[in-house]
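Peer 1: Oh and the sequence shown: position 145 is 145 in the UniProt record's numbering, straight run, nothing missing.
By construction, these hints were calculated from the structure, which means they are not laboratory data.
Because the structure is a prediction, the values reported are computed rather than measured.
Estimated spans, in silico, between C-beta atoms of each pair:
1. 190 with 168: 10 to 20 Å
2. 227 with 71: 20 to 30 Å
3. 154 with 68: 18 to 28 Å
For each residue, glycine too, the CB sits at the ideal point set by N, CA and C.
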Amino acid sequence: MSEDEVDDGEWVSLFSGGKDSSWALYEALEADMNVTRLLTVHPSEDSYMYHVPATHLTSLAAESIGIEHMNLEPDDFDAPNAVDAGAQGDAELEPLERALRDLAADLDGGLAGVTAGAIESEFQTSRIEAMADRLGCAVFAPLWGEDPIELGEAMLDADFEITILQVAAYGLDESWLGRTLDRDALADLEALNDEYGVHPLGEGGEFETFVTDAPHMDQPIELAYDTVWEGNRGHVEITDARLG
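All chains, full assembly: derive it from the sequences and hints.
Peer 2: Have a look at this one:
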């Protein structure tokens, strides 16, 4: 089922606060889709399905966006089973599907669909699409199959302010932690893609981001943080976050 086949009901945005889920939400709002909930999954540290870093910041983002916010906490998920990624991915999806099924019963007109920020990940997208089929709703995935450089440029053209929170790829050093994903950074990522195969938008987990301001947000999010570097990977440790 595509989003064009759904005329009523309410949309739920699968929302991590990162650039990809934020862009999917932004595109849905620009298309006048009836998005009435943001749903954030707070997974364990070893997640195959979900964005992990700083998901606690989504409460601030939701306040700025002005859409009701729902959360799924780590206790809802089974312990990681890294031996079988497929089984773990399926297990991680189950609490999300239960939450959406319960929510659908309370929504006016039911659940029209969910927004998703996947660009190339068949692992994630196939599971979300199968879940949507079981729920009888649509998936709106406006980033899917798009050129990553063009997507990054579109985000910047729309005045998205994006901060890099975590890096884990050869070629990405400590200087990238807390860096703004601007046009210079995008050009550097394109060069790293040519040299090392780093995905320009971090689709392979090379880096993770958080959107601190965008046109659909009423107030920017101001961050203070320390950086933690572990030799070949690192992340920012948020010490303070507030609406500006």
